[in-house]
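Asks: First to last, the protein sequences are chains A and B.
All residue numbers for the first sequence refer to the working numbering, where the first residue is 1 and numbers rise by one.
All residue numbers for the second sequence refer to the working numbering, where the first residue is 275 and numbers rise by one.
Because the hints were derived from the structure by calculation, they are not lab data.
No false leads were slipped in.
Restricting the straight-line Cα-Cα distance to at most 20 Å, the calculated cross-link-like pairs of lysine to aspartate or glutamate (DMTMM-like) are:
hint, chain 1, residue 1, chain 2, residue 2
1, A, K251, B, E368
2, A, K217, B, D363
3, A, K220, B, D366
4, B, K639, A, E103
5, B, K500, B, E590
6, B, K393, A, D29
7, B, K393, A, D211
8, A, K220, B, D363
9, A, K227, B, D366
10, A, K251, B, D450
11, A, K217, B, E365
12, A, K251, B, D419
13, A, K251, B, D424
14, A, K217, B, E368
15, A, K251, B, D423
16, A, K220, B, E365
17, A, K246, B, D450
18, A, K251, B, E365
19, B, K393, A, E262
20, B, K639, A, D100
21, A, K251, B, D363
22, B, K527, B, D540
23, A, K217, B, D366
Quick caveat: nothing in here was measured; it's all calculated off a predicted structure.
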Amino acid sequence: MKKSPLALLLTFGVLQTSMSAFAATAPLDLVTPVSDYKIYVTENVDTLAADTQKFTDAIKKGDLATAKKLFPTTRLSYESIEPIAELFSDLDASIDSREDDHENGVKAEDFTGFHRLEYALFSQNTTKDQGVFADKLLADVKELQSRIAGITFPPEKVVGGAAALMEEVAATKLSGEEDRYSHTDLYDFQGNVDGSKKIVDLFKPQLEQSDKAFVAKVEKNFATVDKILAKYKTKDGGYETYDKVKEQDRKALAGPVNTLAEDLSQMRGKLGLN
Amino acid sequence: MKDSDSKNAPISTDRRRVLMGLGAAGAAVAGASLTGNAFAAPAPAQVTEAPKSEKTQDHNAFHGQHQNGIVNPRPAAGMMVSFDVLAQDREDLERMFRTLNERITFLMTGGAVPQVDPKLPPLDSGILGPVVTPDNLTITVSVGDSLFDDRFGLESVKPKRLQRMVGFPNDALEADCCHGDLSIQFCSNAPDSNIHALRDIVKNLPDLLLVRWKQEGTVPAQAPLKPGQAPESARNFLGFRDGSANPDSNNQKTMNELVWVQPGSDEPAWAANGSYQAVRIIRNFVERWDRTPLQEQEAIFGRVKTTGAPMDGKTEADVPNYHNDPAGKITKLDSHIRLANPRTAETQRNLILRRPFNYSNGVNKNGQLDMGLLFICYQADLEKGFITVQTRLNGEPLEEYLKPIGGGYFFTLPGVVDSNDFIGRSLLAASAHTTKTA
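Using the sequences and the accompanying hints, generate a full structural model.
Replies: Laid out in structure tokens, this is it:
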């Protein structure tokens, strides 16, 4: 569905006047980055759907080794688009909830998705009886793909997503709680950071107009995180398991991650968005 | 007629008539307790109305030779927080101390929080409202042994007795609540004031400090002293008065001997007017304690539970006479207070200044209450002080009811003397030459 720029702006709600001390970024300035972001998300959810197909195929074939290998890379694209994926809370729960989101833990009937399969593959070391969870995950991802295609992206959600992704890292990645059975947290970590950095990059011209030092500080902290993550890259392009990350590096990651969460929380305001 | 009756019981018409018929004097006596419920309609009330305190503006000086929060009277709420320092170099470390200095200055003074554009996150959590009330807050900064590793070039200026806490025989230390590069002790009239201060510091130093562990505690309040009544120590969660033998914190000479590192001592010069801080999170097995006969509890402590008096005394302030009791017939030789403070000339130099809080965290896996003592003490010499005292206590019968699970040793920095000074300045200055050559 194609929309004229004006129609887009009306949908985004960015034409409202603002009493804020920050001059709202001229609405037209937001059209390009928001539509570029939609392209980014669409590409990622397409990758996610294709990867999930292969991942779930391996499980249904009983190919444990391949399923284990595909688990972290399949999740990566989900993690990078979480701000949009999380707009659909029902799907987020069925695709990405963790054991501790459920009172009955792994036995909970509604514990499905990536982490339910992760539990079977890495903790139980089996693909047995996992077909039903594999089918459900694939169906949920396809549903996500179609819902994303049908929505207009609210600019404040897009811009706010940069901070939300760093909050994800601060809350669940630094502690190694995300992938507790496979310890492949660094893939998710990278996915969150990449997704956050993408948003900052897209809005960089607008941000630099108001605060060059802000952009420089944010980019410096992203670079620090990338540098530490790079230490744990493996030859095949993947990542070491999180238990291999030295205590010293976990702490060294905490500083820039928390500072990014703090600084990026100002991004919406700096762009004059509500 | 008993005055208390009219306070408690609804007043019947008959009784009201009788009371109204009293002379002026009688009415005046009865009046105070009647106006509220008999003659006026009750004012509207909200159960959520804030409790009242006249002490929210109480404040402590930040500037001084020594840091505050050590010899000033301990308020009702305490919190000990240990941090990992995330600074990567000395420049960052100085920025950390300067930022801390700025935040502490504001928090201990109070005042209006600057307003920012509502599209931005506010600068302050807002939990004390738009004008921060100091509420008797003190913030006391100390540094741990690990800050003096190879990161910042501080190795050569480490206080002589600063060391990583080593577990005592009865300890079951949990790695998650031990040690740290830096400790901050928050004390104020209310837990919320401490939490507000902590959140301010966390928000303002995200790239420099990471919370490692935190323990909050409280002190039960007592009714104001009646004229002639001697001050009494607060009770711990074992029901005993705690701190009875604490040295007099108003006595400057005693504090110089026992608490403050003195200029010209064998400690590095920069450390003068600082102090050693020992922190211990000591779990109490309260269910078992509550199932222990009173006489046994008192024998274990060496004090009378009700009054806090020593076994041979009448009041808490009485000094036990162990000389007359060499075999421990009155106060057992292995009782807590006798081991901790044998009251000999030689053990006077082992005295420590205690500033503990009671903590209550939740429930253990076994269904028993997770509570105990957030033990904090200060001394000029960590080895002669806490370490010697705790070593004497090793094996005491009280251990049956205690399990220390966390804490650490820290060095409390000298005070910030004026607005040109900042917390940690003397430490950085003393080590400046070592990094230039490094």
